[in-house]
Amino acid sequence: MLTLLITRPLYEHTTHYLAHWSKKIIDFAKAKGHQVIDVKEKRVNRKTFESMLRKMNPALVLLNGHGEAEMVYGQNNEPILIAGENEDLLADRTVYALSCKSTQIVGRKSIENGAKTYIGYKEDYVFYWHSQYAAKPLDDPRARLFLEPSNLISLSLLKGHTAQEACEKSKEAILRNIQYLTATNSPDQFMIPDLLWNMENLECLGEQNSRVTSY
Amino acid sequence: MNIEEKQKEIKALVTARLATIPSDAILSVGSHGEFTRDQILTEVENETEIGKKMIEMHIRYLQKLKEGIFYANTTHH
Chain L
-10 MLTLLITRPL YEHTTHYLAH WSKKIIDFAK AKGHQVIDVK EKRVNRKTFE
40 SMLRKMNPAL VLLNGHGEAE MVYGQNNEPI LIAGENEDLL ADRTVYALSC
90 KSTQIVGRKS IENGAKTYIG YKEDYVFYWH SQYAAKPLDD PRARLFLEPS
140 NLISLSLLKG HTAQEACEKS KEAILRNIQY LTATNSPDQF MIPDLLWNME
190 NLECLGEQNS RVTSY
Chain V
53 MNIEEKQKEI KALVTARLAT IPSDAILSVG SHGEFTRDQI LTEVENETEI
103 GKKMIEMHIR YLQKLKEGIF YANTTHH
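Protein sequence lines, in the order shown, are assigned to chains L and V.
All residue numbers for the first sequence refer to the working numbering, where the first residue is -10 and numbers rise by one.
All residue numbers for the second sequence refer to the working numbering, where the first residue is 53 and numbers rise by one.
Because the hints were derived from the structure by calculation, they are not lab data.
Just to be clear, a hint being listed does not mean it is correct.
[Unchecked claim] One side only, chain V facing chain L, incomplete, derived with CB under 8 Å:
no. : residue
1   : 67
2   : 77
3   : 81
4   : 83
5   : 109
6   : 122
7   : 123
Predicted model, so just to flag it, every value in this text is computed and none were measured.
The beta-carbon is built from N, C-alpha and C at its ideal position, and this holds for glycine as well.
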């Protein structure tokens, strides 16, 4: 059994989608008997985040939410992971940040300060959603093409794959989605440049061959 | 064709491609917010940070299209 910490801020459409789609990861982890620390909504603040890392010592940290080069945000854009301030709390852990640009600085700083692996995006993470599915994000056929490949990273890590394998599986899934849109001459082909963008900006920093193991 | 003319041509091409986005599609661009088709077109027209990103995204796509990876097997390049 391993312990994973997941952050799920929820305060507008983007975080609404990420919070719902990451529930699939929680369900999978629980079904496998892992311990899940689900930090959501107003609890996604720096104090709780730091406290949970210290007390619960998760091997895997999954961050959902907005971000930029130097930080990842929680509820209502409160910074919870900040380069030069608290990335040392990620030492010995595997991290996946579904967040914009965080590998540029805070991801690299995390590795410098002992994180085992930091997976994230070096540019903005983008996704399309369908306005008619906003109330049912898990049924949204457009968002699915973006967020399923993202989920595959966490699921692969939980299945025991290496960090590099998890990233490759995600990239392959994006490529399959692109090929599906092309092959079926789908009216949703307009999303291909955005899918490609995420695929090319996904980065795996640190130990490529590391696997998530319980302490 | 000079650089300015080429940039203008690229912008027109990207604008034409973006104009095909259905009106019920919303693009989330991280903390920049959410954009409808018309808002994306405005960003491109005004050459904002988002607009420039959209153009860059489409240029990358067209380059990859030329390489033919979207029609290959599922092995990642």
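Outcome of the hint check:
1. Using the Cβ-Cβ criterion of 8 Å, the hint placing residue 67 of chain V at the interface with chain L is not satisfied: the shortest such distance is roughly 13 Å.
2. Residue-level restraint check for residue 77 of chain V holds (minimum Cβ-Cβ distance to chain L is 5 Å; threshold 8 Å).
3. The interface hint given for residue 81 of chain V is met, as the beta carbon of that residue sits about 5 Å from the closest beta carbon of chain L, less than 8 Å.
4. Annotation: interface hint on residue 83 of chain V holds; nearest CB of chain L at approximately 4 Å, less than 8 Å.
5. About 5 Å separates the beta-carbon of residue 109 of chain V from the nearest beta-carbon of chain L, less than 8 Å, and the hint is met.
6. Satisfaction of the interface hint for residue 122 of chain V is found here, the shortest Cβ-Cβ separation to chain L being roughly 5 Å, below the 8 Å cut-off.
7. For residue 123 of chain V, the shortest C-beta to C-beta distance to chain L is roughly 7 Å, which falls under 8 Å, so the interface hint holds.
Hint compliance for this structure: hint 1 alone is broken.
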